[in-house]
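Participant: One letter stands for each residue in the lines below.
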Amino acid sequence: MRAIDRGILVLFPAVLLLRLGLTDDHLLFVKASMGRWLLLSGAVLLLLAISQFRVGLRERNETHLAVGAASGHEHDAHGHGQGWISYLLVLPVLAVFVVPLAPLGSYAIASQSARQLPEPADTDYPPPPEPTDGAIDLTLTEFTYRVDYDDDRQIEGQLVRLTGFVADPDANGFLLTRFALSCCAADGLPVQVRVEGVTSPEDAWVTVIGTWEPAEADSGGEPPLPLLGAMSISRIDQPREPYE
Amino acid sequence: MGGRRVTTARDRIGRGWAPAEYVLWACLALIAARGLITGFVDGPAIQTWFTMFISISLQAMPFLVMGVVLSGFVAAYVRPGAIARLLPSRPGVAVPVAGMAGLALPGCECGSVPVAGRLVANGVPPAAALTFLLAAPAINPIVLISTAVAFPGMPEMVGARFAASLLAAVVVGWIWVRIGRDEWVERALRQPSPAGSRWDVFTSTATHDLLHAGGYLVVGALAAATLQVVVPASVLEIVGGSGVASVLVMAMLAFLLSICSEADAFVAAGLTQFSLTSRLVFLVVGPMVDVKLVAMQTGVFGASMSRRFGPLTLVVATCSAVVVGALLL
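Sequence lines, in order, name chains A and B. Just so we're aligned: the first sequence equals residues 1 to 244 in this note's numbering. Just so we're aligned: the second sequence equals residues 1 to 329 in this note's numbering.
Treat the hints with caution; some may be incorrect.
Residues of chain A clear of chain B, computed beta-carbon distances all greater than 12 angstroms [claimed, not checked]:
#1 Phe29
#2 Asp137
#3 Leu159
#4 Pro214
Not everything, but these chain A residues come out facing chain B in the computed CB check (under 7 angstroms) [unchecked claim]:
#5 Ser86
#6 Ala121
#7 Ser232
These are calculated hints, taken from the structure and not from any lab test. All C-beta atoms in this analysis are idealised placements derived from N, C-alpha and C, irrespective of residue type, glycine included.
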């Protein structure tokens with residue numbers, strides 16, 4: 001494989017990293033903290049690609065002079081047949097430019113839902129944050145943890161505001177859902193809260209304001225999904241960071 | 001200066017297009033035509049597949065880049081044989097030392113494969129390099145810390161992960177000392193010795209390793225994304241609990257999901273219907289052998305290595321986790 005081929009192939013993942021790292025789109029796939037690493041590694045690959053193009057220029061110039069020992073030959077030792085796998089590096093970056101980019105939605109819930117939120121380290125919950133605009137903003141994860149583990153039941157009777165997308169809508173309500181990431185979207189855990197009193201189309205992003213409706217004393221087994229009695233619902237645009 | 005000696009191959013340099021240029025133009029054409037393609041790829045299953053594929057590829061890339069930078073550094077600035085001299089000369093002793101050295105390389109398993117390949121090329125005995133390859137993703141500080149965070153109040157989980165992973169890595173290394181043959185890792189040994197200045201060696205090595213491991217990483221990402229979309233979670237719910245079935249399910253799950261080792265602890269913490277020992281199996285097997293790794297190992301070491309190494313590692317890692325789990329958990 002000649003240097004210009006290598007340069008172009010290295011450019012593919014470089015563009016992938018920079019295209020997603022420089023915009024908010026990487027938030028659809030990985031956690032926000034990865035952003036700077038995407039940029040750094042993208043820059044490194046860009047430098048490698050440039051280095052290969054320079055070698056390629058050198059190879060081109062040298063062919064018109066004596067052919068010496070240097071360029072080119074070092075790669076004859078490789079079976080050329082194996083080089084084609086490297087061309088697969090084009091696939092992720094091609095996907096990013098051709099396919100509409102979207103976060104995980106209701107379809108992915110089925111393949112991801114065998115897990116549950118792990119037990120928290122500390123079940124001593126401080127009082128919930130102050131309400132803004134009349135309701136306390138909580139993530140679905142925080143809400144679920146407080147419902148399941150806060151023995152003081154500090155959010156009981158309080159208006160809370162939750163944001164997520166709609167799954168399993170029916171006449172009475174739906175499952176408000178958001179994926180929580182450990183590493184990247186491929187391991188997203190769907191965190192769900194049952195909302196009743198309003199409904200909305202599947203996969204729509206909504207903000208719901210309501211109060212927690214505690215379940216009856218559970219008869220053992222897994223606790224049911226937390227229940228939110230909704231007072232109001234509004235459609236929103238897909239958030240910049242769709243995951244929790 | 002000699003005379004002109006222009007062969008047909010050299011004739012093409014500077015004239016005509018590189019094969020990669022064709023691919024580039026094809027990409028640009030597809031991108032320009034994306035409006036036509038969108039209709040075919042907006043079903044929910046395909047969308048989910050693309051999201052998973054892109055996210056696995058994207059998450060792994062920075063670690064792969066780090067690994068090839070390190071491997072390029074070794075090729076350019078570390079004299080051949082220098083690392084091997086740091087290890088005990090008897091392979092049986094070098095293996096555990098190499099295993100402990102895994103503490104020093106933070107990051108996901110994607111980075112350790114090119115580094116291990118470069119160590120072999122540098123003269124480290126293959127068994128020690130392979131032990132390092134297995135240990136580094138599993139026992140480095142970042143992974144141990146994330147395990148501690150994911151299993152709060154259960155330090156025995158961190159200890160068990162460390163012990164079982166190190167044990168598995170060392171056992172595989174010892175087995176390889178016994179029965180491993182150099183021709184199986186031939187592709188790594190056969191690395192061409194690059195010529196030129198140190199900078200040239202660094203860039204050409206890093207590029208070469210990136211292209212090899214990166215292509216196979218994409219293969220692994222394609223497979224893992226497909227498995228994620230196609231296999232519903234309900235399959236798991238049937239087999240929860242403890243016992244032989246759940247251990248095998250956890251080992252298979254770790255193999256198929258190919259989750260990076262910094263984050264698999266959180267995934268394991270969420271699999272609450274499985275016993276701690278089964279989840280330890282998940283944590284020990286995952287960083288050592290999965291779809292992504294087997295693909296990358298094939299790229300760096302060759303198929304005759306990976307088809308022996310993969311099953312061996314799977315069996316040893318599973319058994320090691322079961323034994324350590326029974327003792328500590």
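Participant: List, from low to high, the hint numbers that the structure doesn't satisfy.
Facilitator: 1 and 7
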